[in-house]
Structure formats: C-alpha cells, structure tokens
Amino acid sequence: MGSAAESRSGPGGDHARDAGPAAGARGGSGAVAADASTARGARALSEQQFYSLYAWCLNPVLSVRELFDRLREELGRFERLGSWQQEESLVNLYLFVCAIGCAVADSSAGRAVVRWRRAWDGAVDLVCDLLVAGPPAAAGRWAALRAALEELMNIPLPMKALGETMRPPEAFRDQDLAHQDVIALARRLARTLPERETPVLIVGVRTAGAYFAPLVRALLAAEGWARVSWIAVRPELGLSRWEARQLRRLRHGDARVALVDDHADTGLTVRPMLERLARYGVRLDRVTLAMPLHRAGQWPPEGDRWA
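Note that the working numbering has the sequence shown beginning at 1, numbered continuously upward.
Check the hints yourself; a few may be wrong.
[To be verified] Below, computed lysine to any residue pairings styled on SDA-like, alpha-carbon distance capped at 25 Å:
no.	residue 1	residue 2
1	160	237
2	160	65
3	160	238
4	160	255
[Said to hold, decoys possible] Computed Cβ-Cβ distance ranges for the label pairs, DEER-style:
no.	residue 1	residue 2	range
5	196	136	22 to 28 Å
6	272	79	42 to 48 Å
7	58	284	42 to 48 Å
8	199	47	42 to 48 Å
9	196	165	37 to 43 Å
10	133	111	33 to 39 Å
11	253	165	36 to 42 Å
12	55	199	42 to 48 Å
13	170	285	27 to 33 Å
14	80	248	29 to 35 Å
15	253	61	39 to 45 Å
16	195	252	30 to 36 Å
Simulated from the structure, these hints should not be mistaken for laboratory data.
Every value quoted in this text rests on a predicted model; they were computed, and no experiment measured them.
Every residue, glycine too, gets a C-beta built ideally from N, C-alpha and C.
Starting from the given sequences, assemble the full structure and let the hints guide the process.
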C-alpha cells in the first residue's frame, strides 16, 4: 500500500460522495453568505462590503434546511460579483454542497434519500470541476449548475434529513487546511498512480473525506484520468448497498483505490476503513493513503503494519 502525503508547509503544487462550510479569510476555506437582497444590483462590491455580508458565519454550524437557504443566496449573486469575489463564491459553493451531502448521509434517513444523494453527488462533481477550473470556466457552465442545484433543492426531503446539523470538518476548522491543500494533495497522488486509463476509486472517510474525495476526483479528471469516481463513507455506520457494490467491483482487474482523509492522528478512522476494504477483497497493495502529513507527528504509530 502506497502513501501520498502533503504537509501544510510542503509542496503545493459510477459516484457517491460528502461535508460543511466554515468561516475563513479571503483565499482560504471559509464559507461566506449574505442576504441576497443586500447584493442585488451591485456589480462590484468593495472588499469591506463583500465580507460585511457574512455575519451568519459567527454561528456556522447549520442544518440542511439552513444550508439550502445559504446556498440559494450564493447562487443568486454569483454572476453579479467581481472576479476575486467569484473565486471566494466558488469556494463557498464547494463547502455548501459538500456539507449538505455529508449531513444528509449522516441523517439516517435511509432509502428515502438514496436516489437524491446519488443525484446530489453529481451536482457536487459539477461544483468541484468548476473550483479546479476556476471562475472563467463558470461562464459556460453556470446555467447548468444552477439549474441542477435548484431542481434538487426543490425535491422534498424527510424532516430528519432537513433537520440534520452539519459537522464542520476539522481539516478546515482546526488544522489550517484549505481547498488548495486538497488540490496539492491530489496532484501528489496523481504522481503515484499508473497510466490514466486505469480505473481509480477515491474513498473519502467522512467527515473530511466528504470534502476531499470529490475535489481529488475533479483534479484527476482535469489531469486526464478518464475512469475516476468517488465515495465518502463513515466506517462505523457501515456502507450502503451501492457503496459496497463499488468496492466489490475492485476485486477484479487493475483498479486502484485512494483512501483520503484529514491528518491521521490516532488512525482510529483509517484503520477500520482499511480493514473494511480488505474484507471486500480489495488488495492493499492497490491502496494508496492520501492525507495531509503533519511534520510533528508520525503515523502509523504501530510501525509498518499499514505502511
């Protein structure tokens, strides 16, 4: 099993998915949102005006219902923003859609949301593709993205799902990471993978993996990997039938697996996932760990069992 690790100070440079917004500074990982009426008609807000719209970030732990509201606000003003503000807005869209997908998956709403989750994962892909490509690429794709998200947000969901509260990912909240670090990690991962026709499944360990996995997929797709997909799971909750089917398919052929998560402090989330992969018949020599590495810590702590 290989490893592709990227420290904060190191070099920068079929579907299923999931995670959530956190307040931050320009160019970072923070989600920003505003009362859409405040920005209506304004094509070029000053920096102060732009950030003054985000008072809600003082309490950024939102329910799915509240996330939908903030996402609608973000969608409604994107085309009226200046270029650097659109860059910020794309980061916010990424954080919102990942937070919604992760929270709905955690809601235990069961089969009632299975189809919706699969469709939402496709919308997450669209947002991550734009985040990797940058705001100029949004011009030709914005209408399709907005229509897809609006359609999905208008589908009734169970109250249990709408009331589920997001879990802010520690990677963005506590570990000083941003989406740029995830992209840098994906580039390092790309250097460890074989030819671009090889199937690759990105397995994200929720919560952070719900944000990391779709963005890693987007970078690999942009770099020419034609058969790359992702899922995001919480090992202690088990896998859905569809997720289990994706893993069973990996027993045959030359497919590779990239397991992505935030910094492995104790390994208590990564080890169960590795063991689960092995139970599904995935050869560990085809698994690459892709996670940020803090220079002060050594992992795995038990020697080379998982190295």
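Status of the hints after comparison with the structure:
no.	hint	in the structure
1	160 to 237	holds (17 Å)
2	160 to 65	holds (10 Å)
3	160 to 238	holds (19 Å)
4	160 to 255	violated (36 Å)
5	196 to 136: 22 to 28 Å	holds (25 Å)
6	272 to 79: 42 to 48 Å	holds (44 Å)
7	58 to 284: 42 to 48 Å	holds (44 Å)
8	199 to 47: 42 to 48 Å	holds (44 Å)
9	196 to 165: 37 to 43 Å	holds (40 Å)
10	133 to 111: 33 to 39 Å	holds (35 Å)
11	253 to 165: 36 to 42 Å	holds (40 Å)
12	55 to 199: 42 to 48 Å	holds (45 Å)
13	170 to 285: 27 to 33 Å	holds (30 Å)
14	80 to 248: 29 to 35 Å	violated (47 Å)
15	253 to 61: 39 to 45 Å	holds (42 Å)
16	195 to 252: 30 to 36 Å	violated (18 Å)
In this structure, the hints that do not hold are numbers 4, 14 and 16, in rising order.
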